[in-house]
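Dock chain B against chain A, hints included.
Protein chains: 2
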Amino acid sequence: MLGIETFINHTVKDITIASSVIAALREVLGPQSNPVPLHEPCFRGQEWDYVQECLGSGWVSSVGRYVEKFEKQLHDFTGSPFVVATGTGTSALHICLALRNIGPQDEVLVPALSFVATANAVAYTGATPHFVDIEMDSLGMCPVALESYLRGVAVLRGRKFFNRKTGRRLAALLPVHVFGHPCRIEALADLAARYRMDLVEDAAESLGSKSRGKPTGTFGVTAALSFNGNKIITTGGGGAILTADPVLAAQARHLTTQAKLTHPWEYRHDAIGYNYRLPNLNAALGCAQLEQLPAFLASKHKLASRYARVFEPLKEVRFVSEPTGTQSNYWLCTLALEKSNLPLLTCLLEETNKSGIMTRPAWNLLSELPMYRCSPRAPLPVATDAIGRLINIPSSPHHCLDALSP
Amino acid sequence: MLGIETFINHTVKDITIASSVIAALREVLGPQSNPVPLHEPCFRGQEWDYVQECLGSGWVSSVGRYVEKFEKQLHDFTGSPFVVATGTGTSALHICLALRNIGPQDEVLVPALSFVATANAVAYTGATPHFVDIEMDSLGMCPVALESYLRGVAVLRGRKFFNRKTGRRLAALLPVHVFGHPCRIEALADLAARYRMDLVEDAAESLGSKSRGKPTGTFGVTAALSFNGNKIITTGGGGAILTADPVLAAQARHLTTQAKLTHPWEYRHDAIGYNYRLPNLNAALGCAQLEQLPAFLASKHKLASRYARVFEPLKEVRFVSEPTGTQSNYWLCTLALEKSNLPLLTCLLEETNKSGIMTRPAWNLLSELPMYRCSPRAPLPVATDAIGRLINIPSSPHHCLDALSP
Numbered sequence: 001m002l003g004i005e006t007f008i009n010h011t012v013k014d015i016t017i018a019s020s021v022i023a024a025l026r027e028v029l030g031p032q033s034n035p036v037p038l039h040e041p042c043f044r045g046q047e048w049d050y051v052q053e054c055l056g057s058g059w060v061s062s063v064g065r066y067v068e069k070f071e072k073q074l075h076d077f078t079g080s081p082f083v084v085a086t087g088t089g090t091s092a093l094h095i096c097l098a099l100r101n102i103g104p105q106d107e108v109l110v111p112a113l114s115f116v117a118t119a120n121a122v123a124y125t126g127a128t129p130h131f132v133d134i135e136m137d138s139l140g141m142c143p144v145a146l147e148s149y150l151r152g153v154a155v156l157r158g159r160k161f162f163n164r165k166t167g168r169r170l171a172a173l174l175p176v177h178v179f180g181h182p183c184r185i186e187a188l189a190d191l192a193a194r195y196r197m198d199l200v201e202d203a204a205e206s207l208g209s210k211s212r213g214k215p216t217g218t219f220g221v222t223a224a225l226s227f228n229g230n231k232i233i234t235t236g237g238g239g240a241i242l243t244a245d246p247v248l249a250a251q252a253r254h255l256t257t258q259a260k261l262t263h264p265w266e267y268r269h270d271a272i273g274y275n276y277r278l279p280n281l282n283a284a285l286g287c288a289q290l291e292q293l294p295a296f297l298a299s300k301h302k303l304a305s306r307y308a309r310v311f312e313p314l315k316e317v318r319f320v321s322e323p324t325g326t327q328s329n330y331w332l333c334t335l336a337l338e339k340s341n342l343p344l345l346t347c348l349l350e351e352t353n354k355s356g357i358m359t360r361p362a363w364n365l366l367s368e369l370p371m372y373r374c375s376p377r378a379p380l381p382v383a384t385d386a387i388g389r390l391i392n393i394p395s396s397p398h399h400c401l402d403a404l405s406p
Numbered sequence: 001m002l003g004i005e006t007f008i009n010h011t012v013k014d015i016t017i018a019s020s021v022i023a024a025l026r027e028v029l030g031p032q033s034n035p036v037p038l039h040e041p042c043f044r045g046q047e048w049d050y051v052q053e054c055l056g057s058g059w060v061s062s063v064g065r066y067v068e069k070f071e072k073q074l075h076d077f078t079g080s081p082f083v084v085a086t087g088t089g090t091s092a093l094h095i096c097l098a099l100r101n102i103g104p105q106d107e108v109l110v111p112a113l114s115f116v117a118t119a120n121a122v123a124y125t126g127a128t129p130h131f132v133d134i135e136m137d138s139l140g141m142c143p144v145a146l147e148s149y150l151r152g153v154a155v156l157r158g159r160k161f162f163n164r165k166t167g168r169r170l171a172a173l174l175p176v177h178v179f180g181h182p183c184r185i186e187a188l189a190d191l192a193a194r195y196r197m198d199l200v201e202d203a204a205e206s207l208g209s210k211s212r213g214k215p216t217g218t219f220g221v222t223a224a225l226s227f228n229g230n231k232i233i234t235t236g237g238g239g240a241i242l243t244a245d246p247v248l249a250a251q252a253r254h255l256t257t258q259a260k261l262t263h264p265w266e267y268r269h270d271a272i273g274y275n276y277r278l279p280n281l282n283a284a285l286g287c288a289q290l291e292q293l294p295a296f297l298a299s300k301h302k303l304a305s306r307y308a309r310v311f312e313p314l315k316e317v318r319f320v321s322e323p324t325g326t327q328s329n330y331w332l333c334t335l336a337l338e339k340s341n342l343p344l345l346t347c348l349l350e351e352t353n354k355s356g357i358m359t360r361p362a363w364n365l366l367s368e369l370p371m372y373r374c375s376p377r378a379p380l381p382v383a384t385d386a387i388g389r390l391i392n393i394p395s396s397p398h399h400c401l402d403a404l405s406p
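The listed protein sequences derive, respectively, from chains A and B. In terms of the numbering used here, the first sequence opens at residue 1 and continues consecutively. In terms of the numbering used here, the second sequence opens at residue 1 and continues consecutively.
Hints were generated in silico from the structure; no laboratory data involved. Note that the structure is a prediction, hence the values are computed from the model and not measured. Backbone N, C-alpha and C fix where the C-beta goes; we use that ideal spot for every residue, glycine too. Some hints could be false.
[Said to hold, decoys possible] Taking lysine to aspartate or glutamate and the EDC-like style, the derived pairs with C-alpha atoms no more than 16 Å apart in a straight line are:
#1 A:69 to A:49
#2 A:260 to B:368
#3 B:260 to A:368
#4 B:210 to B:49
#5 B:69 to B:49
#6 B:214 to B:322
[Unchecked claim] Chain A stretches covered by chain B per the calculated footprint, using a threshold of three residues with CB under 8 Å from any CB of chain B:
#7 70-82
#8 220-233
#9 250-264
#10 279-289
#11 324-333
Chain A on its own, in the form it takes in the complex (with noise of 0.2 Å):
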């Protein structure tokens, strides 16, 4: 792959290259003598007070009342009617395909450059990953692509389209919000309907971003969040399931419930279900993270303002902006190289985190990890490509919060 472990002799272009965008890096973030992590959450809120009054009141575990006010915090900061609060993104994004009772005769389109969540939640249902092209403007899926590709490998059987070659149904479509910049999601919910498939959108990064107006889990017949630690905001470890449909919403608590029937001592139980509801403990920590959100939001606003105007000057790489027609969460802010260049990448890389500034590239395809390289995939240049130019660069949502007018 990028083959970034191996020993390269930089060349002085590369090194010279690096300076500049440690320079500008530097200029936004300023003269920290302690290394500067690539993102690392933020408590400047309630967090000791509900975390207290959480332990306080023996209420930890799977039960109590920060549950439910972080799920209402969130349907209210999202508008998404329902939303079901559990231990990860990961196991969120399992449940939203679950829902939809993808499984092993299924195949799943999903982008090939994403964390390796996005393909695992396919597989843990059983059904298989088929892995498509992004484009460059928002780093997600490219409809334009997509579409072309359909038009191939789908064929009409019954009432669902299936892949030709495999024989597969192609259930549902999982586009992904990359680095919290939003898709273009109103063009890939056209598609999804065209082809008949169930959009899930995997929204984990992409918390408090908008298409046109509206936010990124609201698009999905189901969509997963995750408050994981390096996330925009956190729970320590967490998730949620959002959807409109009431019927979901009730299914999606009962699946992660253990499928427990709902009885003051009885254990029943009328389907294979799983323990992934969001701890109390951990809910308590979201509710005061959310109420710091519009903050983080605006704070990273201000640094990828800063970053845009600081990397103008510089030819090698650009900011990568959220896409026309949305706000982004800059969850990752992300340079792009002007062209795919390994060795440059990896002396930006080496420099950077040397000069103790974190930096990473873009994850490894999915469609080229080991267990995913017999999955079916349309021609992916452009994501095969994006992984030799992106770099991800420091994106705490403290950077700016001092910075932001009262």
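Frame of chain A, contents of chain B only:
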């Protein structure tokens, strides 16, 4: 099944017995005005300090020093050479089985009487739970019935035993230490060895219990613990994998962190992994809880001996004491009716709960749940009888804490 929800006109005799049981419970529990929960956590140690320190450090997610400390403390307490903390007990059990490459062609022998997670963990791997009977003494798997059953059903093909009827491999034996009472684990380990099955222990309920001086969770090739809110110690939600095998321990750590290969910035994954690690925030709580475990165990022993004493005179119910040769953690204290008697059991449940003392029956048999109705099973006379006899009574660790000698 139990039909507990059906309205029953209780007999005068049953009401009288219920009154005696309530009087005995009140004698032990005292005249509390608030409802007495079945099992509530007890936070009287360093919980606040550790959790606050964790929040202050910013490390609340899957990496952090409390996770390491918690694993070390569990290692010290159980003597298990390797400990891998997980987000739930269910996920720990799932990985315990996955580590042994248990999959769709396999069956796992499971006691019919357990919480649903025991069978679900088997189902997550694609394998089929195969239900076997219990004994009334330990409430766990009966080695005598199992041996006699295996003689009929198991057939050696090559190096492994198979189910003669289904053709599937008998891959593992999964005993459970029900309500904290150690099952006859030595005899079961012996049977597992003779029938070349992996012994995987569901020790979710039995942290602190011992059989012939050896802690439960250290007999199997792998074992799962749980720290759910209702367990003897809690992390909100949490669990742990125990093993003496360094290779399995490394694999457990790998599989529970999305099978990510170690690298300062690259994202490569070499297997379908899971987001199953315990967040540091929850581990912080766990560290404080573990420090108090010896006191909790002593308190629960005292509670058990008080219960045993007050129920001694009653002839219709007996208090279930730890099996000979074992030390139980008395996770859930349990009464057993002299014989299966659903009207009396229902009367006891209704009257105790009505009087503000929470009680519950044993779980419905796993073999009777709709998703497992087609699973293979041994004759289950004792388990079937048991669910008409067992009732759990309040068991929180705080009840006798103050009564312990300093």
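Against the earlier hints, flag every one the structure doesn't satisfy and list their numbers going up.
-> 4, 7 and 11
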